[in-house]
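2 protein chains.
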Amino acid sequence: MTTQTGKQSITFEKPPWIISSGCVAGTKEAEGPIGHEIDLVGEDDNFGCDIWEEAESTLQKEALTIALGKAGLKAEELRYLFAGDLLGQSMATSFGLQQFDLPLFGLYGACSTAGESLALAAMTVSAGYANLAGAVTSSHFASAEKQFRFPLEYANQRPLCTTWTVTGAGAFVLGRDRYKTENRCKSGLEKEECTKTQGVQQKECKGEACCDVCITGITPGKIVDYGVRDSMNMGAAMAPAAAACIAAHLEDFSRSPSYYDKIITGDLGAVGREILIELLQQKNIDIGSCHTDCGLEIFDNERQGTGSGGSGCGCAAVTMSAHFLPMMRRGELKRVLFVPTGALLSKISFNEGENVPGIAHAVVLEVLENR
Amino acid sequence: MTTQTGKQSITFEKPPWIISSGCVAGTKEAEGPIGHEIDLVGEDDNFGCDIWEEAESTLQKEALTIALGKAGLKAEELRYLFAGDLLGQSMATSFGLQQFDLPLFGLYGACSTAGESLALAAMTVSAGYANLAGAVTSSHFASAEKQFRFPLEYANQRPLCTTWTVTGAGAFVLGRDRYKTENRCKSGLEKEECTKTQGVQQKECKGEACCDVCITGITPGKIVDYGVRDSMNMGAAMAPAAAACIAAHLEDFSRSPSYYDKIITGDLGAVGREILIELLQQKNIDIGSCHTDCGLEIFDNERQGTGSGGSGCGCAAVTMSAHFLPMMRRGELKRVLFVPTGALLSKISFNEGENVPGIAHAVVLEVLENR
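Chain order of the listed sequences is A and B.
If you're matching positions, the first sequence starts at 1375 in my numbering and goes up one per residue.
If you're matching positions, the second sequence starts at 1375 in my numbering and goes up one per residue.
Bear in mind the hints are in silico, worked out from the structure with no lab data behind them.
Computed from a predicted structure; not experimentally measured.
Check the hints yourself; a few may be wrong.
Identical copies carry no separate label here, and so any pair may be met within one copy or between two of them.
Stated by the list, open to error - Result set (SDA-like, lysine to any residue): computed pairs, CA atoms no more than 25 Å apart in a straight line:
1) K1721 / G1446
2) K1381 / A1404
3) K1381 / Q1473
4) K1381 / G1502
5) K1448 / Q1378
6) K1388 / T1666
7) K1520 / G1727
8) K1520 / R1603
9) K1388 / G1705
10) K1444 / E1743
11) K1708 / E1625
12) K1520 / S1605
13) K1657 / E1450
14) K1657 / Q1473
15) K1448 / G1380
16) K1448 / D1626
17) K1636 / E1652
18) K1444 / E1405
19) K1657 / Y1633
20) K1388 / Q1531
21) K1381 / N1505
22) K1636 / A1404
23) K1721 / N1420
24) K1520 / R1532
25) K1388 / D1551
26) K1388 / Q1378
Make a model of the complete structure from these sequences and hints.
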């Protein structure tokens, strides 16, 4: 009995459910096209803190709290957390998730961590190592600019190909069982009511709103380096890794892009999307019609001056939690390939003349109604 | 059927084998008590590179190459890599493991990453997601000083409680099956010879040297913050997390410390060891007689001027690979609790006045002869 699929993928025999999710974002994200769907928006981007890194920690804390709240779970019901961010030594994660007092697997895959954390949490839950696990990622525009480029006070100019790091965090609760979905069953009843009026435990409720989104498979990605050396053009650095991961995924599962209603990359932006589509076309894979990118969904580049689009762990996590998961729950999307993308850039490696390699991890989200 | 054990641990129903390991270290480590056991030692600590971060990448590359070589495996036979280091954005890992062209799960748990990577690789192999997986971690004295404290050229003074970051990397290959152990069977025969003269496949060889070391369980740890704010005293910052993890482990498995021949922490050093033992004594747990610390094994503090002892991901990984695994293979140790410890410190968080919280992950290594 094996769940290994193709060269580098996994099919889950017992696909874990996405029990709930929560997201928090900043003021600029709130003004964007999906702003009204974000669970919590700060009054300003400090989120009540004095320093940017602390603000980012707060984002993680609030996102997980919201996800737990929607599921009607206490923190201690989660067995493990998988989490990361973009900062050196994963600072936002260390200080943001401490108070939950849970065993933590700290991750670093740049912005692809949004996919890496979901993949590892899904592996853990599906294998029975945990009944419930959390995946949390974040980014913050100001802490990222300070970490990777220049402090905001320097007011450096940004070329148009530059992406805009999203101030936001997303948290996902994965479970082996389907109960406690968003704390409210699909009939629109609160959990208590549902149990009372329908005489069933919520986990057995067949109301139309019961959560049906599962992670059915993953394709963990490799580091791909096309020699990009421009720290302002993350889309170009990540597109080759996204192309390699998507191509490997389709081959491993013997699927064509049309299997998916949407193939959603993390934060390639307009420039990276163009490169991705062209690279895949060279392999005779056409994803143009079903592809979108979280970085293009979260901001309106023309109106908001966000260059090529949104980026950061928070970009993929917030857009998935706020926008695409609800679409899946409403039945507007049935099969999604979610491919968060990361640029393996550090200030030191960049200043020492190294390239900016990319990495991407693919996660298959499917609405499974008859399990 | 569940493998969940106690509140936060996992027992592996099918314990993965440690098929092989490899380690590389610098000149100072070579002069230490276990120097003669290290697989490869550099002529100097540059390892043929111009910059420290590149040298650290080379350590990872060489360590994994050695581990693969000992097992007689090609890189492409590994399905996944789990790896990390101490540098911002896991620079050493990104640039060190790229050429293996393998799907990579990047990790960050400070020096505890040595345990985190083994834990996740073991979970992955035991669940059948991979037949073979690698766990790689590294640290480098010079890149770490530059990242966390001062450049070496500044020649800052070091208090005696300071630990000395090990220049080294360790790589472990975990497998579902026992074959290909160190490329040579326990009778001392090369694989080919063994098959020929004994008429058996190596995996069935009952010669005394067949690899018998398994990972039978893990206890992933929580972040613990006792308010330490001294970036020079990592032992004190990590000891509370190690104590919490060991106490949780013993409770989850209903074991006393005497179950283990050795409880081996990662890099607490002399100062951290003292705190660890006292903290556990307060919980009526006495590990004094069976405890040691990799940081105390790898250097002779008095002779080598290494303050409180060795530290870094490389400290735990190199000492396990070079010293303790061979002891297990020789039958001198049967049951080991390996607890790599990490200090969640970054230059930014420290300079902003944050504490230095700790984290530790426990991995149970056992010699299983009759599987």
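Evaluation of the provided hints:
no., hint, result
1, K1721 / G1446, "neither (41 Å within a copy, 38 Å between copies)"
2, K1381 / A1404, "neither (41 Å within a copy, 39 Å between copies)"
3, K1381 / Q1473, "between (39 Å within a copy, 17 Å between copies)"
4, K1381 / G1502, "both (24 Å within a copy, 14 Å between copies)"
5, K1448 / Q1378, "between (33 Å within a copy, 19 Å between copies)"
6, K1388 / T1666, "neither (28 Å within a copy, 41 Å between copies)"
7, K1520 / G1727, "both (19 Å within a copy, 17 Å between copies)"
8, K1520 / R1603, "both (19 Å within a copy, 23 Å between copies)"
9, K1388 / G1705, "within (22 Å within a copy, 39 Å between copies)"
10, K1444 / E1743, "within (21 Å within a copy, 49 Å between copies)"
11, K1708 / E1625, "within (21 Å within a copy, 44 Å between copies)"
12, K1520 / S1605, "both (13 Å within a copy, 22 Å between copies)"
13, K1657 / E1450, "between (47 Å within a copy, 22 Å between copies)"
14, K1657 / Q1473, "between (47 Å within a copy, 22 Å between copies)"
15, K1448 / G1380, "between (38 Å within a copy, 18 Å between copies)"
16, K1448 / D1626, "between (38 Å within a copy, 21 Å between copies)"
17, K1636 / E1652, "within (18 Å within a copy, 56 Å between copies)"
18, K1444 / E1405, "within (24 Å within a copy, 57 Å between copies)"
19, K1657 / Y1633, "within (17 Å within a copy, 56 Å between copies)"
20, K1388 / Q1531, "neither (49 Å within a copy, 56 Å between copies)"
21, K1381 / N1505, "between (28 Å within a copy, 12 Å between copies)"
22, K1636 / A1404, "within (24 Å within a copy, 54 Å between copies)"
23, K1721 / N1420, "both (24 Å within a copy, 21 Å between copies)"
24, K1520 / R1532, "within (14 Å within a copy, 29 Å between copies)"
25, K1388 / D1551, "both (10 Å within a copy, 24 Å between copies)"
26, K1388 / Q1378, "both (13 Å within a copy, 17 Å between copies)"
Hints 1, 2, 6 and 20 from the earlier list are contradicted by this structure; the remaining hints agree with it.
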